[in-house]
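Colleague: From just these sequences and the hints, can you work out the full model?
Residue numbers (the numbering used here), protein chains in the order written: chain A, 7 to 160; chain B, 2 to 263.
Check each hint, because a few of them may be wrong.
[Unchecked claim] Heads up, incomplete: computed chain B residues facing chain A, CB under 7 angstroms, no partners named:
#: 1; residue: TYR61
#: 2; residue: TYR114
#: 3; residue: ILE116
#: 4; residue: GLY117
#: 5; residue: LEU133
#: 6; residue: PHE168
#: 7; residue: PRO169
#: 8; residue: SER177
#: 9; residue: PHE225
Hints were generated in silico from the structure; no laboratory data involved. Every residue, glycine too, gets a C-beta built ideally from N, C-alpha and C.
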Amino acid sequence: MRFLPVFVLVILASACLSEPDCVKAGTNLVQLRLRDSTNAVTKAVFSSIRISGLTGTYSTKDALSTFKVPVNPEAEQTSYEIEYTYFYLDSIPKKRKSSFTISYTAQNIIVSTTCPPYKLISNLDVPEFSFREKPLVVNRTLSPSEAINIEIKL
Amino acid sequence: MKQSILKSSFSILFCLLVINGIAQRSTDNQQTTGLQQQEDTIASRPRPKKPDSLKEKFLYRSFRIGTDLISLIKTPVTKNTPSNKFAGWEINGDADFGKLYFAVDIGQWARAYDIGYGNYGRYENNGNYFRLGADINFLKKDPDRNMFFFGLRYGRSFYNESATLIFPGDTYFPGSTESLQNTGVTAGWGELVTGLRVKIWKEFWMGYTGRMKFAVGTSGDTKFKSFDIPGVGSNDDGLVFGFNYQVFWRFGVVNVKKPISK
Chain A
7 MRFLPVFVLV ILASACLSEP DCVKAGTNLV QLRLRDSTNA VTKAVFSSIR ISGLTGTYST
67 KDALSTFKVP VNPEAEQTSY EIEYTYFYLD SIPKKRKSSF TISYTAQNII VSTTCPPYKL
127 ISNLDVPEFS FREKPLVVNR TLSPSEAINI EIKL
Chain B
2 MKQSILKSSF SILFCLLVIN GIAQRSTDNQ QTTGLQQQED TIASRPRPKK PDSLKEKFLY
62 RSFRIGTDLI SLIKTPVTKN TPSNKFAGWE INGDADFGKL YFAVDIGQWA RAYDIGYGNY
122 GRYENNGNYF RLGADINFLK KDPDRNMFFF GLRYGRSFYN ESATLIFPGD TYFPGSTESL
182 QNTGVTAGWG ELVTGLRVKI WKEFWMGYTG RMKFAVGTSG DTKFKSFDIP GVGSNDDGLV
242 FGFNYQVFWR FGVVNVKKPI SK
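Modeller: Written out as structure tokens, the structure is:
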């Protein structure tokens, strides 16, 4: 019984010998949610997504209510041009073309001496947009969790 | 996850040590009170009050100057290991005012790390720091004025840091390498300290200090979040623990008159 404190100390100290795991702490993906004019969550099929800083064009096969777009971690803002078909009142398909720009600040973070550094993207804003209403920024900091960052009213 | 468990474990252990110290003290008080009660039942007539020899007046008695041996040993040991290099020193001083000791620490700290064995870059810093605070000695009866103490410190650090960071790419954007510098960074923090000081020979003392550092705040780290703070260590969001093993020399001893028994 009198060796119990020593035993506890040895157990605690043994944790120092194992190196911590590198968990993914940062991301450059912005999670967007789509809403219709009645503020209900709606879905859209994206036939074209063009992102500034990238040469390719992206598209989706399925109708999505939430989707992720990357921001350029080396820039202060990233612009998007999207062509999509959304279903007004869940049935009437409507084709649209919109554009928006997301601005942000990127803070360089050194996690540890073993894990890769990352950029913490925060202070999200949508300074430019062609939607009827300004997209609502729900969560201003990007994190690997599935939290919604911006809500767009189509 | 493991780091947070480890931190929590040490926090709990630290709290237990604090509670243990307080419990020892309260046990002493209980024993003394029991003795007084016994005396009261034996002799009912009032006795003349004895002077409380344990009560120490707030008077200057001596001061000690010392240094941290761990910093002095780490400096030459890590000299030829550029992947994890430390160079620094720390001078500690305290002034004995009876139960209360006023403490000052000043130090210099330069650190260099390879990040991910160099695959993710390199980090370096260099700066100075100081701590100010006070300790309470819980060994009241010790004739040599040995110490088991708890105390508080406030620390400030002034430093520059630089890093070459290699950011891995993702599915969309390629990775990048950036050379960044934070100059004129300042940091402030609080510390809860505990430890021992023991008289070894004449005026030579040895001891250790355990430090629980909290509320670390930095300013001026604009290019990247400050990673290692001189005097603190890792710039984590939670608690940071530190340890010093120190040697001291005591100077300027002033004999304070003991209370005279009536």
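Colleague: If a hint holds in the structure, say so; if it doesn't, say that too.
Modeller: Results for each hint:
1. Against a cut-off of 7 angstroms between C-beta atoms, the interface hint on B/TYR61 is violated, since the closest Cβ of chain A lies about 38 angstroms away.
2. Nearest Cβ of chain A to the Cβ of B/TYR114: about 5 angstroms, under the 7 angstroms cut. The hint holds.
3. Hint status for B/ILE116 relative to chain A: holds, with the closest Cβ pair at about 6 angstroms, below 7 angstroms.
4. Hint on B/GLY117 holds. Least Cβ distance to chain A is approximately 6 angstroms, under the 7 angstroms limit.
5. Restraint check, B/LEU133 versus chain A: the minimum CB separation of about 29 angstroms is more than 7 angstroms; hint violated.
6. The closest approach between the C-beta of B/PHE168 and any C-beta of chain A is roughly 6 angstroms, which is under the 7 angstroms cut-off, so the hint is satisfied.
7. Taking 7 angstroms as the C-beta cut-off, the interface hint given for B/PRO169 holds, the closest approach to chain A being about 5 angstroms.
8. Satisfaction of the interface hint for B/SER177 is found here, the shortest Cβ-Cβ separation to chain A being roughly 6 angstroms, below the 7 angstroms cut-off.
9. Restraint check, B/PHE225 versus chain A: the minimum CB separation of about 4 angstroms is within 7 angstroms; hint holds.
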